[in-house]
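The listed protein sequences derive, respectively, from chains A and B.
Using the numbering used here, the first residue of the first sequence is number 1, and each one after it goes up by one.
Using the numbering used here, the first residue of the second sequence is number 1, and each one after it goes up by one.
Hints in this document: simulated from the structure, not taken from any laboratory.
C-beta: ideal position from N, C-alpha, C; glycine also.
Treat the hints with care, as some may be off.
What the hints assert, rightly or not - Not the full set, but computed from the structure, chain A residues with beta-carbon under 8 angstroms of chain B: (1) Thr-15; (2) Pro-19; (3) Met-41.
What the hints assert, rightly or not - Quick partial rundown of chain B residues pointing at chain A, CB under 7 angstroms, derived from the structure: (4) Asn-218; (5) Val-223; (6) Leu-228; (7) Glu-294; (8) Arg-303; (9) Leu-322.
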Amino acid sequence: MNRDDLAKRILDLLTEIAPDVEASSVIPGIDFRDQFDFDSMDTLNFAIALHRELGVEVPETDYSQLASLDKCVGYLESRVT
Amino acid sequence: MPSEFRLPALGADMDEGTIVEWHVEAGSRVKRGDVVAIVETDKGAIDVEIFEDGVVREIVVQPGTRVPVGTVLALLDTGGSPPAAETTAAGRGEAHTPSLAPAGEGAGGVHEVGLVPPPASSRVRISPAARKHARELGVEVESLHGTGPGGAVTLEDVEGAAKGASSPPPSPAEAGEGGGMRAAIAAAMSRSKREIPHYYLSTAVDVTATTEWLAVHNASVPVTGRLLFAALLVKALALTCRDNPGFSGYHRDGRYEESAAVHVGVAVALRGGGLVAPAIMDTADKPLAQLMDEFRALVSRARAGRLRASELAAPTIILTSLGEATVDAVFPIIQPPQVAIVGAGAVAARPWVVDGQVVPRQVLTLSLGADHRVTDGRLGAQFLAKLAQRLVDPGSL
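Produce the entire structure from the sequences given, and follow the hints as far as they go.
This is the structure:
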């Protein structure tokens, strides 16, 4: 999966777990928390979706690396086959 | 004689609803708790459950019809003895039930709930029911001018657009931030501050052991089995309520009634503004894993605008956890007819004295808003102390 495809996939998952967030409004470099009040429940749902759809199990200690779209892509790039 | 299934009220200010869809028809067998209809109110679409077992004899109110609260929507053959069935139906239709409805029957009694279900989306605010109807009628929801709460697109807007009629512009009151939901919150909180003599207590708790326990637990289970700190709080609160009467129940008609079951309502902030506080039913009886699953599902449905009538009517006490917003403490306002509410601030590293030394510890400030008509500060202090004890002993949860 190339970077763009991965980013699109992540956005799809993000809007699936947070249907009240619009994909086109997500700014890649800004933390989800600062953009749309992403909280610990959202983060957990996001981690569960990443595991289910991409097969990546993100430990709690790595949650900070899922904080924005850019960070997600960077973190997941080497982990997704 | 058949039992009557009536339109339940979800708040003092809810007086009408529109039947959007029936999930059952004449002859359908139903069990207590089944969602039988979707009803759109001026606060959003709500799944309405039935509160008796039986067979549907007749659908009385057809989809698209707007009716007042208390209207008989359907008739049900319950197989019970006629007088009992009649009494039950009548009792549930009254505005004041003489005693607390048992667990699961919250939708039947007219409990007052000021925190209301949200519109489905922050971009085009529209209930799932109205969206579905728009699809059926071939109406573009994006082009509609919503007249509902917060500019939400209502069934009437969809129908108006389908007929070629343009929706009237929203009134200033409706167009305000949060719209109808804001008005409902304002009404409930004003009533609370007017009628309930609140007292407030707070206590700072060293929860380092709990956060460490949680980290170990979450590292040892699959991602779907991870717990949130808030889930521990919910369980600790439910168990504390069970052991300490005076905080979980309803004050109605001049007297307090303790609820036999503890249904902790969790305040969920909505990204589009406003909040709802649906209940995790029978909170004290559920193992943590199950409680966490239900908590997760509840928050998702709250944000998608698909709550059940019973969940909104049921809370016997509410937990408001503003920890994520990094405030130190909350001074929470009771949701009538409840008599207490618990707030949790941020869990954060603070200087703390242990054995005469100042050391960094993970500290959380718990607070309690309680009703002086029911309890005094001493009982409230005991309640908070017991809650703190539970919370720092996660093995007991």
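For each hint, the structure was consulted:
The beta carbon of Thr-15(A) is not positioned within 8 angstroms of any beta carbon in chain B (closest approach about 11 angstroms), and the interface hint is therefore violated. Against a cut-off of 8 angstroms between C-beta atoms, the interface hint on Pro-19(A) holds, since the closest Cβ of chain B lies about 5 angstroms away. Satisfaction of the interface hint for Met-41(A) is found here, the shortest Cβ-Cβ separation to chain B being roughly 5 angstroms, below the 8 angstroms cut-off. About 5 angstroms separates the beta-carbon of Asn-218(B) from the nearest beta-carbon of chain A, less than 7 angstroms, and the hint is met.
A cut of 7 angstroms between beta carbons decides the hint on Val-223(B): the least distance to chain A is about 5 angstroms, and the hint holds. Contact between Leu-228(B) and chain A, as hinted, is supported at the beta carbon level, the nearest pair being about 5 angstroms apart and thus within 7 angstroms. The beta carbon of Glu-294(B) comes no nearer than 13 angstroms to any beta carbon in chain A, farther than 7 angstroms, and the hint placing it at the interface is violated. Taking 7 angstroms as the C-beta contact cut-off toward chain A, the hint placing Arg-303(B) at the interface holds, the least distance being around 6 angstroms.
A distance limit of 7 angstroms between C-beta atoms decides the matter here; for Leu-322(B) the minimum to chain A is near 10 angstroms, and the interface restraint is violated.
Hint violations for this structure: numbers 1, 7 and 9, all remaining hints satisfied.
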